[in-house]
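Trainee: Sequence:
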Amino acid sequence: MAPEFNLLAITLMLVLLLLWKLDFIATILTLKNLRPELPEEFQGVWDDEKYAKAQHYERAQASFGITSSIYSLTILLVFWTIGGFGWLDTLVRAWGFGNVVTGLCYIGLMYLGSWLISLPFDIYHTFALEERFGFNKTTRATYIGDQIKSHLMMALIGLPIMALILWIFYSVDNAWIFAWLSFTVISLALTYLAPSLILPLFNKFSPLEDEELNKSIQSMAKKCDFPLTEISVMDGSKRSSKSNAFFTGFGKRKKIALYDTLIESQSTDELVAVLAHEIGHFKKKHIVQRL
Numbered sequence: 001m002a003p004e005f006n007l008l009a010i011t012l013m014l015v016l017l018l019l020w021k022l023d024f025i026a027t028i029l030t031l032k033n034l035r036p037e038l039p040e041e042f043q044g045v046w047d048d049e050k051y052a053k054a055q056h057y058e059r060a061q062a063s064f065g066i067t068s069s070i071y072s073l074t075i076l077l078v079f080w081t082i083g084g085f086g087w088l089d090t091l092v093r094a095w096g097f098g099n100v101v102t103g104l105c106y107i108g109l110m111y112l113g114s115w116l117i118s119l120p121f122d123i124y125h126t127f128a129l130e131e132r133f134g135f136n137k138t139t140r141a142t143y144i145g146d147q148i149k150s151h152l153m154m155a156l157i158g159l160p161i162m163a164l165i166l167w168i169f170y171s172v173d174n175a176w177i178f179a180w181l182s183f184t185v186i187s188l189a190l191t192y193l194a195p196s197l198i199l200p201l202f203n204k205f206s207p208l209e210d211e212e213l214n215k216s217i218q219s220m221a222k223k224c225d226f227p228l229t230e231i232s233v234m235d236g237s238k239r240s241s242k243s244n245a246f247f248t249g250f251g252k253r254k255k256i257a258l259y260d261t262l263i264e265s266q267s268t269d270e271l272v273a274v275l276a277h278e279i280g281h282f283k284k285k286h287i288v289q290r291l
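Read the sequence shown against my numbering and you will find it ends at 291, with the numbers running on by one and no gaps.
I should point out that these hints are in silico values taken from the structure, not numbers from a laboratory. Every residue, glycine too, gets a C-beta built ideally from N, C-alpha and C. Please note that the accuracy of each hint is not assured.
BS3-like cross-link-like pairs, simulated, lysine-lysine; straight-line CA separation at most 25 Å [claimed, not checked]:
no.: 1; residue 1: Lys242; residue 2: Lys50
no.: 2; residue 1: Lys284; residue 2: Lys204
no.: 3; residue 1: Lys254; residue 2: Lys137
Label pairs and their calculated CB-CB ranges [what the hints assert, rightly or not]:
no.: 4; residue 1: Thr139; residue 2: Glu37; range: 30 to 38 Å
no.: 5; residue 1: Pro207; residue 2: Val101; range: 12 to 20 Å
no.: 6; residue 1: Gly108; residue 2: Thr81; range: 41 to 49 Å
no.: 7; residue 1: Arg59; residue 2: Gln147; range: 54 to 62 Å
no.: 8; residue 1: Leu119; residue 2: Leu19; range: 20 to 28 Å
no.: 9; residue 1: Gln43; residue 2: Tyr111; range: 43 to 51 Å
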């Protein structure tokens with residue numbers, strides 16, 4: 001099918017290319033400023049070898065990101081210019097389903113295609129790049145299990161949401177407003193429910209048993225007027241040796257999840273300092289500002 005270009009399509013393509021170019025330039029600037037030599041300011045504070053390894057890792061990550069983004073963008077633009085979206089639309093409409101089901105079929109095929117395109121890069125990133133730097137702990141069984149669970153979650157949660165959005169567009173006046181409101185409410189609900197309903201399907205969470213660390217975190221949170229209600233430990237070492245922590249919850253019911261690797265690699269004072277830094281982002285509303 002020959003491609004049909006209108007003003008909207010051309011505008012979308014130009015915006016897409018502009019955003020990609022900005023991200024590409026930012027990545028190039030990052031690569032340009034990466035140096036394996038330890039800065040003078042960090043002498044005696046940071047280990048030279050660890051710093052050099054971290055810089056090499058960042059360079060490898062940035063290079064991988066450039067390669068994968070060029071590949072994905074090329075596939076998208078080729079599919080677009082040869083009329084692939086129109087061909088796919090004609091294909092699913094020929095199946096004779098109703099508007100909502102036809103839309104779901106279209107979205108499902110797009111999702112499948114996107115997953116197949118990104119799968120080789122995801123496998124390489126996990127089992128080659130992360131493995132090379134000693135971070136990967138993911139087994140093949142865990143990886144396959146994660147993929148299956150992710151697709152099941154997409155089917156059980158994503159399809160009903162998309163069905164609702166499609167129904168709104170086909171049945172309701174001022175559909176954009178109601179679709180936006182519906183999506184916003186659902187997104188907020190999922191943000192609240194994900195830590196207790198979805199994340200446990202992928203990781204094990206347990207209460208923090210280290211009383212000294214627990215008291216130190218609670219004390220710091222109180223000083224910062226941070227409404228902390230729960231501290232848990234997540235088995236992050238199941239997939240990676242990297243350390244991390246994250247917050248969940250709304251309003252006055254905030255929770256902290258610590259990777260087990262973070263507890264193993266940091267002292268109590270260091271870990272509390274890390275969390276204080278993250279709470280600082282929350283207090284300054286950096287998350288809302290996407291900083």
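Trainee: Confirm or reject each hint.
Mentor: Hints and how they fare:
A hinted pair counts as satisfied when its Cα atoms are at most 25 Å apart, and Lys242 with Lys50 qualifies at roughly 14 Å. As the CA atoms of Lys284 and Lys204 are separated by approximately 31 Å, the hinted pair breaks the 25 Å bound. Between Lys254 and Lys137, the direct Cα distance comes to roughly 29 Å. Violation of the 25 Å bound is thereby established for this hinted pair. A C-beta distance of roughly 36 Å is found between Thr139 and Glu37, which places it inside the suggested range of 30 to 38 Å.
About 45 Å separates the C-beta atoms of Pro207 and Val101, a value inconsistent with the hinted range of 12 to 20 Å. As the Cβ distance of Gly108 to Thr81 is approximately 23 Å, the hint placing it in 41 to 49 Å is violated. Taking the beta carbon of each, Arg59 and Gln147 are about 28 Å apart, not inside 54 to 62 Å as hinted. In this structure the hint that Leu119 and Leu19 lie 20 to 28 Å apart at CB holds, the actual value being about 24 Å.
About 50 Å separates the C-beta atoms of Gln43 and Tyr111, a value consistent with the hinted range of 43 to 51 Å.
Hint compliance for this structure: hints 2, 3, 5, 6, 7 are broken, all remaining hints hold.
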